[in-house]
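Engineer: Sequence:
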Amino acid sequence: MAKKIKDEAIATPQSNAGPRYPYAAVLWQGVNHRMVFDDTPSSAQDTSGGGKQYNTDPGGGVMSISGKDGSHMEFSSVSGRYSVRSSGQYHQSVGKGMTSSVEGTVDSRAGAERNQVKGERASTTGGGTYSATGGQNISVSKETITEGSTKDKHSLTKGDSVGSADGNSFSQQRGDRVDMVKGTNIRVTEGEDAKFVIDGKASQVYQKDYKIHTDEKAWLYSKSDTKIEADADILMTSKGTITIKADSKIVLEVGGTKIEITDGLIKLDAPKVHVTEGGQQLTPDHYIFKK
Numbered sequence: 001m002a003k004k005i006k007d008e009a010i011a012t013p014q015s016n017a018g019p020r021y022p023y024a025a026v027l028w029q030g031v032n033h034r035m036v037f038d039d040t041p042s043s044a045q046d047t048s049g050g051g052k053q054y055n056t057d058p059g060g061g062v063m064s065i066s067g068k069d070g071s072h073m074e075f076s077s078v079s080g081r082y083s084v085r086s087s088g089q090y091h092q093s094v095g096k097g098m099t100s101s102v103e104g105t106v107d108s109r110a111g112a113e114r115n116q117v118k119g120e121r122a123s124t125t126g127g128g129t130y131s132a133t134g135g136q137n138i139s140v141s142k143e144t145i146t147e148g149s150t151k152d153k154h155s156l157t158k159g160d161s162v163g164s165a166d167g168n169s170f171s172q173q174r175g176d177r178v179d180m181v182k183g184t185n186i187r188v189t190e191g192e193d194a195k196f197v198i199d200g201k202a203s204q205v206y207q208k209d210y211k212i213h214t215d216e217k218a219w220l221y222s223k224s225d226t227k228i229e230a231d232a233d234i235l236m237t238s239k240g241t242i243t244i245k246a247d248s249k250i251v252l253e254v255g256g257t258k259i260e261i262t263d264g265l266i267k268l269d270a271p272k273v274h275v276t277e278g279g280q281q282l283t284p285d286h287y288i289f290k291k
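Take the sequence shown: its position 93, counting from 1, is numbered 93 in the numbering used here, and each next residue is one higher.
Some hints here could point you the wrong way.
Here are the computed lysine-lysine pairs in the BS3-like style, where the Cα-Cα straight-line distance is at most 27 angstroms [said to hold, decoys possible]:
#	residue 1	residue 2
1	LYS227	LYS217
2	LYS211	LYS201
3	LYS217	LYS195
4	LYS195	LYS182
5	LYS239	LYS208
6	LYS201	LYS142
7	LYS245	LYS217
8	LYS96	LYS68
9	LYS182	LYS217
10	LYS153	LYS142
11	LYS239	LYS201
12	LYS239	LYS249
13	LYS239	LYS211
14	LYS211	LYS227
15	LYS245	LYS227
16	LYS118	LYS96
17	LYS118	LYS142
18	LYS258	LYS272
19	LYS227	LYS249
20	LYS201	LYS182
21	LYS249	LYS272
22	LYS153	LYS118
23	LYS223	LYS182
I should point out that these hints are in silico values taken from the structure, not numbers from a laboratory.
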């Protein structure tokens with residue numbers, strides 16, 4: 001049977017006793033539910049002779065509804081605290097729009113979460129954003145994905161990194177770029193032309209063997225000076241003809257010996273000249289070039 005308690009122990013002229021705790025409280029209790037409306041002050045005095053001080057939490061103006069299974073809802077009109085506990089599933093359904101505003105911090109913990117939005121979704125964060133995933137992280141979009149940062153951007157992975165695009169790929173940077181590959185580096189271009197345009201200087205360093213292979217013709221073109229240096233031997237081989245052309249001059253130099261070839265003139269500067277034919281050294285009469 002439900003019990004109702006209100007203004008228990010009112011002071012009477014025949015007694016010096018005043019109101020005793022609890023007072024200004026209404027209790028309704030059934031078989032499976034319990035409802036309490038408590039307006040007891042935060043420091044109610046027991047004037048029945050015990051002298052005990054009661055401190056309610058959060059301090060008067062509390063409405064609570066609880067169920068037999070442990071579910072509980074409590075609201076305090078003094079502190080503004082509102083708490084809900086559900087021992088089983090918790091369902092919330094809104095027919096139209098819903099607005100939620102929190103001035104403080106929001107802490108959320110869930111065993112698993114599924115979130116579905118039929119329309120657009122916008123999220124704005126005034127401070128930092130931190131995301132940590134213990135398992136897979138999959139993001140799929142049917143339209144454009146745009147990421148931007150006015151400062152640094154870091155992307156780290158300990159496993160494989162795969163990037164695939166069916167359309168064009170464009171990358172721009174105004175500062176330096178460093179690519180480090182500890183394993184094999186393979187670049188495949190299926191198109192007919194691959195162009196590398198560099199406005200400034202370019203440097204390539206290979207600490208081991210370096211090989212260029214082409215199934216068709218290869219060109220090396222420069223608008224200004226081109227320099228090739230090697231600390232060891234340079235070997236040029238061809239199954240066909242090797243042709244060296246220059247509009248002004250070709251110079252071959254070894255130590256103090258030099259051969260200069262210009263249009264209409266071959267100049268040989270050497271302390272000694274040996275000309276052999278069939279392993280036999282020829283005399284100057286046999287190899288002096290005459291016009």
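Engineer: Give a verdict on every hint.
Structural biologist: Against the structure, the hints:
1. LYS227 - LYS217: holds, 21 angstroms
2. LYS211 - LYS201: OK: LYS211 and LYS201 at ~22 angstroms, within 27 angstroms.
3. LYS217 - LYS195: holds, 15 angstroms
4. LYS195 - LYS182: Holds, because 25 angstroms separates the two Cα atoms, which is no more than 27 angstroms.
5. LYS239 - LYS208: holds, 25 angstroms
6. LYS201 - LYS142: At roughly 40 angstroms apart (the allowed maximum being 27 angstroms), LYS142 and LYS201 break the hint.
7. LYS245 - LYS217: Judged against 27 angstroms, a Cα distance of about 17 angstroms means the pair holds.
8. LYS96 - LYS68: Since the Cα atoms of LYS96 and LYS68 sit roughly 32 angstroms apart, the hinted pair is violated (cutoff 27 angstroms).
9. LYS182 - LYS217: Measuring from Cα to Cα gives roughly 31 angstroms; hence the hint is violated.
10. LYS153 - LYS142: It holds: about 24 angstroms lies between the C-alpha atoms, which stays within 27 angstroms.
11. LYS239 - LYS201: violated, 34 angstroms
12. LYS239 - LYS249: holds, 26 angstroms
13. LYS239 - LYS211: Roughly 17 angstroms separates the two Cα atoms, so the pair holds.
14. LYS211 - LYS227: holds, 18 angstroms
15. LYS245 - LYS227: At roughly 16 angstroms apart (the allowed maximum being 27 angstroms), LYS227 and LYS245 satisfy the hint.
16. LYS118 - LYS96: Holds: LYS118 and LYS96 sit about 14 angstroms apart, inside 27 angstroms.
17. LYS118 - LYS142: holds, 14 angstroms
18. LYS258 - LYS272: Measuring from Cα to Cα gives roughly 12 angstroms; hence the hint holds.
19. LYS227 - LYS249: OK: LYS227 and LYS249 at ~15 angstroms, within 27 angstroms.
20. LYS201 - LYS182: OK: LYS201 and LYS182 at ~24 angstroms, within 27 angstroms.
21. LYS249 - LYS272: holds, 23 angstroms
22. LYS153 - LYS118: Violated, at roughly 30 angstroms.
23. LYS223 - LYS182: Violated: LYS223 and LYS182 sit about 34 angstroms apart, past 27 angstroms.
Of the numbered hints given earlier, the model fails hints 6, 8, 9, 11, 22, 23; all others are met.
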